[in-house]
Amino acid sequence: MTSSASGSEIIVAMPGTRLRQNQKLASQVFRSCAGLCGCSIIVVMAAILFELLLNSSQAMATLGWRFLVTAQWDPVAGKFGALSSIYGTAVSTLIALVIAVPTSLVIALFLVELCPKGLSGFFRTAIELLAAIPSIIYGMWGLFVLAPFMARYVQPVMGKYLGFTPLFQGPPMGIGMLTAGVILALMILPFVSSVMRDVLEMIPPVLKESAYGLGATTWEVTKDVSLKYGRAGMVGAIFLGLGRAIGETMAVTFVIGNDHSLSVSLFASGNTIASTLANEFTEASEPLYLSALVELGLVLFLMASAFQLIAQLWLRAAAVRMGTQ
Amino acid sequence: MMLKAKVFAVLIVVIPFALSGCAKQATPPGKPATSSNGSGVVTINGAGATFPYPIYAKWADEYYQLTRVKVNYQSIGSGGGVQQIKAGTVHFGASDSPLTPDELAEAGLFQFPMVIGGVVPVVNLPGIKSGNLRMSGKLLADIFLGKVKRWNDPAIAKENPSVKFPDKAITVVHRADGSGTTWIFTNYLDKVSPEWHSKIGYGKAVNWPVGVAGKGNEGVSAYVQRLEGSIGYVEYAYALQNKMRHVRLKNRAGNYVDPSADSFQAAAANAAWEKAPGFYVVLTDQPGINSWPVTGASYIIIHKKQKDPKLARAMLDFFEWCYKHGQQMASDLHYVPMPKEVYELVIKKWKSEIVVQ
Chain S
928 MTSSASGSEI IVAMPGTRLR QNQKLASQVF RSCAGLCGCS IIVVMAAILF
978 ELLLNSSQAM ATLGWRFLVT AQWDPVAGKF GALSSIYGTA VSTLIALVIA
1028 VPTSLVIALF LVELCPKGLS GFFRTAIELL AAIPSIIYGM WGLFVLAPFM
1078 ARYVQPVMGK YLGFTPLFQG PPMGIGMLTA GVILALMILP FVSSVMRDVL
1128 EMIPPVLKES AYGLGATTWE VTKDVSLKYG RAGMVGAIFL GLGRAIGETM
1178 AVTFVIGNDH SLSVSLFASG NTIASTLANE FTEASEPLYL SALVELGLVL
1228 FLMASAFQLI AQLWLRAAAV RMGTQ
Chain B
15 MMLKAKVFAV LIVVIPFALS GCAKQATPPG KPATSSNGSG VVTINGAGAT
65 FPYPIYAKWA DEYYQLTRVK VNYQSIGSGG GVQQIKAGTV HFGASDSPLT
115 PDELAEAGLF QFPMVIGGVV PVVNLPGIKS GNLRMSGKLL ADIFLGKVKR
165 WNDPAIAKEN PSVKFPDKAI TVVHRADGSG TTWIFTNYLD KVSPEWHSKI
215 GYGKAVNWPV GVAGKGNEGV SAYVQRLEGS IGYVEYAYAL QNKMRHVRLK
265 NRAGNYVDPS ADSFQAAAAN AAWEKAPGFY VVLTDQPGIN SWPVTGASYI
315 IIHKKQKDPK LARAMLDFFE WCYKHGQQMA SDLHYVPMPK EVYELVIKKW
365 KSEIVVQ
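Protein sequence lines, in the order shown, are assigned to chains S and B. The first sequence: position 286 = 1213 (this note's numbering), numbered continuously. The second sequence: position 70 = 84 (this note's numbering), numbered continuously.
So that you can see chain S by itself, here it is in the shape it has in the complex (with noise of 0.2 Å):
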């Protein structure tokens, strides 16, 4: 205490010590403010789970458990089941993860690898300005040009040589669970390629041009040393997509159909959690109604949580199997 006492005093006989008391006092206010503003984060998840639960503890005491494992949903007679909107939740957003995953990955691949230098800040940029585009102009655009193209030209192909699968059944309407997940695919494609990209583009030059120098090829380079490197962050990608399209609102409301029943083809109508939460607000006047809807963001809210976790976790794992943290 002592010495560190006539320390200070030391320092206040030399010139420029205002300023730098004041730097240190600048630090301090900083690291503080920074504080509490890392702190809200946490005191508004708190808080939007708190006011999820209280809204919703309504519906949960009168539906219980029978809200997650029945899709009824009856506003008039007060019988609400979100296993439609659950299941339409996780089946759209697994179609557009089957397709985007896949194409952000070549389309990663080909950006890092294969395109000419010149060209590949056009593509980047490109690709980055679909991530620019307001959901409710996918939704618009999903309705007017996308949908009736399915119906016309997609579907019927796929009903004629895949419809003895019962997921490729009934009448090709254009609007529904499949073009909800083509339209998702879309929305997730430019976030899903671009941390791809950077993904690939992160892996340490020298280990690629071992390889090479030991003679592999570009696609042994890539598949045994690019993808097997950067595995983590790969997955990293395919979650944030995830987190994305589980969510999102606007543009699914306008294809998928909304309705409320269960169906296993991909071409029939289905709803989201989201798209149900952005139909039937507004209107929902009874208690319990409300109180349902509630519980349905809470059931997305806690979806998204934990699939935040799972990466999470997962990455950590990875991170520490590959040791490179």
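Bear in mind the hints are in silico, worked out from the structure with no lab data behind them. One should not assume that every hint holds.
[What the hints assert, rightly or not] Keeping only pairs whose Cα atoms sit at most 27 Å apart, straight-line, the calculated BS3-like set for lysine-lysine is:
1. B/Lys182 x S/Lys1087
2. B/Lys213 x S/Lys1006
3. B/Lys163 x S/Lys1087
4. S/Lys1006 x B/Lys152
Use these hints to put chain B onto chain S, whose structure you have.
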């Protein structure tokens, strides 16, 4: 460095004040916005149904030009309107479906019909022109129940002997969002089909047995226009603006009628307003040879006990002006204004029932 720090400090001090200045202009939660300020300008805030929004906005605009009394109307939906007026965050609420007398009494509210509109079944079927297709209420209900699945079903052919129907699946289109339009439409089906009554019932959102759903009138009309072989229901104004092909409906008198301002007014004229407590009148399936069976009124809801006399008077003056001078504007926008005998009854009622404290 120092200068920057000072500027930063000044900003930190100034910003909260600036923000609080803004906040003062916004509505404080739980209380209606400042109704009148020193200069005597009155602002009336309302919220609710989306269907009458165009006419309420038009009336508000004209009324402001005349009197400098400002009426803000936010079309947040009927359900939202009812909640807001109950919570007291607005001066008036608006709803496409009437509150029951019990609900009104419980919350100390008063409601009155402001405009009349009609809901119209619309179809997209090659070879069918507007008004070419005739249906009874029961057939319409069977289609929306999913019992009549194809256009060449004998039940449809029976009512339309002169029309040749394709062998095409019927795609039912309904509203995805809760809506007063759905309330009126399902209320009608509930009245004319015992099966609909026992299985589905009526409300702003119901458990639809079949079909796809669009958000808002625009969503339904977009789906109907896109899907060949579809049938949906929209507000009359939407059907007109989008040149959609409507269905002629058989009314209670057994007559097939086209939707029009006249047939809506015919339905409203036959209603027994004076006998209905709280103006709880449902205009679907009304008697009368020319009545359009899927007609409904849009309501204004206010508190019975008004705290601010000046504001209460300004608000009632506005509604009276709308009734008396807004008729042409309403007709121009394809709404049906309230008949004279109805609004005179409303004015008489609010004079005796609204208490200014």
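- Item | Distance restraint between B/Lys163 and S/Lys1087, which requires alpha-carbon spacing of 27 Å or less | Status holds; Cα separation ~22 Å.
- Query: Does B/Lys182 pair with S/Lys1087 here, judged by a C-alpha cut-off of 27 Å?
  - Reply: It holds: about 18 Å lies between the C-alpha atoms, which stays within 27 Å.
- Message: Can you confirm whether the C-alpha distance between B/Lys213 and S/Lys1006 stays at or below 27 Å?
- Response: holds (13 Å)
- Proposed proximity, B/Lys152 with S/Lys1006 (alpha carbon, max 27 Å): Status holds; Cα separation ~26 Å.
Going through the hint list in order, the structure satisfies each hint without exception.
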